[in-house]
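Take these sequences, add in the hints, and give me the full structure.
There are 2 protein chains.
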Amino acid sequence: MAEPIARAIEAFGRMPGIGPKTAQRLAFYLLRQPRSEAEALSRAVIELKDLIRECSTCFNLSETDPCGICANDGRDRTAVCVVEEPLDIVALEKTASFKGLYHVLHGSFSPMEGVLEDDLRIRELVQRVDAGAIEEVIVATNATVEGEATANLVRARLRHLSAVRVTRLAQGLPIGSDIEYADDYTLTRALQNRTRL
Amino acid sequence: MAEPIARAIEAFGRMPGIGPKTAQRLAFYLLRQPRSEAEALSRAVIELKDLIRECSTCFNLSETDPCGICANDGRDRTAVCVVEEPLDIVALEKTASFKGLYHVLHGSFSPMEGVLEDDLRIRELVQRVDAGAIEEVIVATNATVEGEATANLVRARLRHLSAVRVTRLAQGLPIGSDIEYADDYTLTRALQNRTRL
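Heads up: the protein sequence lines correspond to chains A and B, in order. In this text, residue positions in the first sequence follow this note's numbering: the first is 1, and each later residue adds one. In this text, residue positions in the second sequence follow this note's numbering: the first is 1, and each later residue adds one.
Treat the hints as calculated values from the structure; they're not laboratory data.
Each pair may be met inside one copy or between any two copies, as identical chains are not told apart.
Straight-line Cα separation of at most 16 Å, EDC-like style, residue types lysine to aspartate or glutamate; simulated pairs:
1. Lys49 / Glu37
2. Lys99 / Asp73
3. Lys49 / Glu63
4. Lys99 / Glu135
5. Lys21 / Glu85
6. Lys99 / Glu136
7. Lys99 / Asp76
8. Lys99 / Asp88
9. Lys49 / Glu3
10. Lys21 / Glu10
11. Lys21 / Asp88
Written out as structure tokens, the structure is:
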């Protein structure tokens, strides 16, 4: 196979979830497209690295510093939602149910995988909350073992700020799900966290 | 979401088999990688268009014209294998079972999808065979309705060259398969094409 095709297949294949067959299909797809299509992809990829930085307040990825959310005067500055990854903000913003600020930890506490407390933006979170304006910290880490450990760690590091409410996203049955098919852990949590009707 | 991230997600999402969720995952993956990784992908994508052309003899995609296979003196110049797409050559070359030349039609005859005879490199194939050195044309189009139609069309266009043998890849049970699970068409073809033991 021609070198440039092999190189493109290899580059696609290094990405997560892209196997050799898919990588091959993508390369040959681009070969059939006009140059403008390949150009757009090529430019978009490099601009990801050149135009995107971390917001120095919330560590979300953004073109500007502070990011659009931190700079938005319409947001509630007394509430901060703590997430593991920037993509979590995308999901939360889509709900339009939260009007406060965010804080991205960039990972979850997982000593088994070598992610320790200092690898996460926890110290920066404590500094933000220490500054005084924040009244509630909503911990929106994943409902996984690592997410749980991260939530507990955040909780511990904010313990000295007794005036600040630290909350966690509710866990229970997902909307639209059948109890018959719910797993044991979810059902147990749904029972424990039952609310008054 | 920041514009450059949205643009990258959109560019990935335009590719076949890449849904919005996968596109998002790819963009955020690249954001976490060193710039060199994004650079390599960006460069590989644009070089696909800038460095790759069609071989003017066999219409395979190549950095050179003629392509490596057409230029290789070690190949058998009396046999030409006709394929639908360049990827088919990759698969056939991997078998190391064919030492002749190739001819890429760039598609299959499919009037329903608007692919007519003139959209395929059939005229160029007839010219190559007309030139005289070729003794056998192996039609290696897909074992599909379109592939079959394409094979019959190639057969018809080469009819006047009675000295040239036109053959087709065998159809039957794939190696390692159970008869119990074979589909009716495959089993029918395997019966029709049975060989002497």
